[in-house]
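Participant: Protein chains in written order, with this note's numbering: chain A, 126 to 355; chain B, 126 to 355.
Simulated from the structure, these hints should not be mistaken for lab results.
Don't take every hint at face value.
Chain A stretches covered by chain B per the calculated footprint, using a threshold of three residues with CB under 8 Å from any CB of chain B [what the hints assert, rightly or not]: (1) 137-150; (2) 156-165; (3) 175-185; (4) 306-314; (5) 325-334.
Backbone N, C-alpha and C fix where the C-beta goes; we use that ideal spot for every residue, glycine too.
There are 2 protein chains.
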Amino acid sequence: LLGRKVLIVYAHQEPKSLNGSLKNVAVEELSKQGCSVTVSDLYAMQFEPRATRNDIVGCLHNPEKFNYGVEVREAYKRGGLSSDVIEEQKKVQEADLLIFQFPLYWLSMPAIMKGWMDRVLVEGFAHQFPDCYSSGYLKNKLALFSFTTGGSQEMYTKGGISGDIRYALWPMQHGIMHYCGVKVLAPHICFGPESVSEEERKEMLLAWAQRLKTLWKEKPIDCSPEWYFK
Amino acid sequence: LLGRKVLIVYAHQEPKSLNGSLKNVAVEELSKQGCSVTVSDLYAMQFEPRATRNDIVGCLHNPEKFNYGVEVREAYKRGGLSSDVIEEQKKVQEADLLIFQFPLYWLSMPAIMKGWMDRVLVEGFAHQFPDCYSSGYLKNKLALFSFTTGGSQEMYTKGGISGDIRYALWPMQHGIMHYCGVKVLAPHICFGPESVSEEERKEMLLAWAQRLKTLWKEKPIDCSPEWYFK
């Protein structure tokens, strides 16, 4: 495991939150294993979530009619993306494993993390149709979505009011990571940490540390519709 | 229809884009019907997508450990949310119909629109568990997701590489709008406008104008898991 590289993309405003602790646990455990760990602390970085003209340095490919997808694809080719995006792409490029740590907002990522996906995973860098899924440019990497929920576990079941949590994972795991060729490990979910005791929250941290000890032996999930909707 | 109020939440950087034209078509057609139409042009407003301490004016409920959900709930109660959020909440409160107009980014909304959801639909304003779904605070309102895709229609079918487009609609329609009590009209989807002829793009605009003529007679979809995953 020595020399394996991990990028943790972390989105929580409060270092003392459970998300903050889960991030710290991952940094400690993976470092102890000899991995080299990098954290993108999105709120601390005041990461820009908006996809705008500012992401392109210099002249536009077509200034008459701004098309974000076309412009960032062309800018990527000539090394003309904004420095914050290039910085994140370097981290992704070097990583063997991407961990996304966040609180679930509206059955999805917080906007600041969605912005990371929108701006960093540029065409030409992460994919280029038909080079997607098994031939996506980020193949040979792993991703893991680690998040907390507001509701209890039973709310996120097939019969629960929020539906099976796997439904919510489809756009994130399949639509983004799998599309770029990344293999997806089973998600790590802490259900309703705000409604449980301090003791139970500690157990959540221990369970995460425990899982990380054997993480590199895990097989990716079969990221097909059956996994999500069967 | 005279006096009905419509809020269009619009997320595209380029006024000359198809999304821009779809927004204009909606403004024109609904105004012609006698509706009063308001547009939140998120990129033009430089709308802030990040959920931070800046959303709370004055002192925090618990400055020792920042919990965004708790802080904005408490700030809402005392009228202490930031002015840009209050402004959007007023528009939502007055609207009979919310139209979300955007290009699909990664099987979801662009981050700037996700940020609108994250920051505007505050607990106490839009919902307060167990007041959700049929008893959500935004009941008696309608919502419609109108968006463009990069891929063709066949890519977004059950057997297609991106899966049934309805899978992607679950977090947005059910997870957000339905949760707040809003009734959801069928989505309006323009598939792959960048891969079709100028003539076909014009037809897309005409089809949208045509649909809007009888929009108020439409029945909401049955926003249950069956609609999405059957």
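Participant: Hints first: check each against the structure and report whether it holds.
Facilitator: Each hint tested on the structure:
no.	hint	verdict
1	137-150	holds (count 4)
2	156-165	violated (count 0)
3	175-185	holds (count 4)
4	306-314	violated (count 0)
5	325-334	violated (count 0)
This entry does not satisfy hints 2, 4 and 5, going by the numbered hints stated previously.
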